[in-house]
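**Student:** When you get a sec, could you build the whole thing from the sequences and use the hints?
Line by line, the protein sequences give chains A and B. As numbered in the numbering used here, the first sequence has no gaps in its residue numbers, which increase by one up to the final residue, 212. As numbered in the numbering used here, the second sequence has no gaps in its residue numbers, which increase by one up to the final residue, 209.
Source of the hints: derived by calculation from the structure; they are not laboratory data. Possibly wrong hints are sitting among the right ones.
[What the hints assert, rightly or not] Covered stretches of chain A, going by a simulated chain B footprint (3 or more residues, C-beta under 8 Å):
1. 145-154
2. 172-179
3. 185-193
Since this is a predicted model, take the numbers as computed values, not measurements. Virtual Cβ for every residue (Gly too), placed ideally from N, Cα, C.
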Amino acid sequence: MTYLADVAALTRKDLRVELRGRDTLPAMLLFVLATLVVFHFALPEGSGDTAAYGLLWVAIVFTALLGLARAWVPEQEHRVLDGLVLAPCDRSAIWLGKTLATLVFLLAAQAVALPVFVLFFEPLHAAALAGVVLADVGICAVGSLMAAMAAASRAREVLLPLLVLPLAIPLIVGGVGAAVSADAERFILFLLLYDAVFAVLSWASFEYVVTE
Amino acid sequence: MGLALVLALIVAPEDADQGISQRIFYIHVPIALTAYFCFGLGAVKALLLLWRGDERYDLESYVAIHQGTIFGALTLITGSIWARASWGVWWTWSSNQLVLFLVLFLFYCAYFMLRFSLEEGPRRARSSAVYALFGVALIPVSFLAIRLADDFIHPTVFTRDGPQMSATMFTTFLVAWAAVTLLAYVLYRVELAGKRLDADLRELREALQ
Chain A
1 MTYLADVAAL TRKDLRVELR GRDTLPAMLL FVLATLVVFH FALPEGSGDT
51 AAYGLLWVAI VFTALLGLAR AWVPEQEHRV LDGLVLAPCD RSAIWLGKTL
101 ATLVFLLAAQ AVALPVFVLF FEPLHAAALA GVVLADVGIC AVGSLMAAMA
151 AASRAREVLL PLLVLPLAIP LIVGGVGAAV SADAERFILF LLLYDAVFAV
201 LSWASFEYVV TE
Chain B
1 MGLALVLALI VAPEDADQGI SQRIFYIHVP IALTAYFCFG LGAVKALLLL
51 WRGDERYDLE SYVAIHQGTI FGALTLITGS IWARASWGVW WTWSSNQLVL
101 FLVLFLFYCA YFMLRFSLEE GPRRARSSAV YALFGVALIP VSFLAIRLAD
151 DFIHPTVFTR DGPQMSATMF TTFLVAWAAV TLLAYVLYRV ELAGKRLDAD
201 LRELREALQ
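**Tutor:** Okay, here's the thing in structure tokens:
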């Protein structure tokens, strides 16, 4: 139970920092909306809904990357991470807290972006929405670990997309499949599998990444 | 080692009855399998590093992945040549194996970016090890994803019902495979020895100063 309380406290901390500073969420929102407008001009007339679904996924992945790039910045700036690592809690709780907070930001950005997508382009059905949510979970889980690695490096912002994009390719396959395939169930199952595998892997390995 | 390679190259033409392009099979497939093997080895060493905390596994894991990436690049090149010869295009998204290798190649290039932008030390060793472990998890997951993606990217699944391999062809394949694996092993030892020498030299120099 203390583990869950730690996670809840860490997530609350991130959300509160965001509420006070408003560094991440407005940026993500503006970015995803601007991207959707760019897509309107990038898609030639009559290229159809399938292309729009594909581009939606490009927007989702890059918005998530934008949020993840900011994820560990407060910790780095004020050396909070050293304190968190020293705190008497399981280190994986830090990862879970960060993952949940990033997930909340991403879902909040999408709560605006997806209706706008429907308005501008094509309708989304339930399977497509499930695909979005499941892919969000996967990308936040893997991404917050990778962002912690990237934050410790010299290259930082440049490194994060390089680390995350190859790992996100299966998520994009699953998400696009759930949106456009007649047999969406298989893609949902695949996304669940991905989430399970990589969440456990990230959860187990976070400790090694942050300790000196 | 050299003998094995020469043998493979001499034996191979004998039974290449599919036309000359088929011969690249004896190079391409063993290289691909060896690349997988190197990535796997890198991940095993990474796991050992995290488990036991012995620093020598860091270098071993890095060298194995380095070899794997080189062989992965060779796989992409030979695969591309083969695709040009037998399908008439340099690149085809319908070949699952090629796409998988492209994803893996990108992934492991990012591994080097990560490694070279971290400060040297136990933390770099552990971060690289974690990333290497993600790599072996990515291999089956990506493979599954690419198979699934066929579904909506290519409505008709690409099937290639090649003829059964004859005994001689299979033998040639095995010899070629053994040769490439041996080559990879030798390269692995050479690079490892070089890197260790480098590290020793640096330590000595620091001790002298």
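**Student:** Examine the region 185-193 of chain A: at least three residues should have C-beta closer than 8 Å to a C-beta of chain B.
**Tutor:** With 4 residues closer than 8 Å to chain B, the region 185-193 of chain A meets the three-residue bar; holds.
**Student:** Would you say the region 172-179 of chain A counts as covered by chain B, given the rule of at least 3 residues with C-beta under 8 Å?
**Tutor:** Our answer is that it holds, as 4 residues pass the Cβ test (under 8 Å) against chain B, meeting three.
**Student:** Establish whether the coverage given for the region 145-154 of chain A by chain B is satisfied; the threshold is a Cβ-Cβ distance below 8 Å, and no fewer than three residues must meet it.
**Tutor:** holds (count 6)
Checked against the numbered hints given earlier, this structure breaks none of them.
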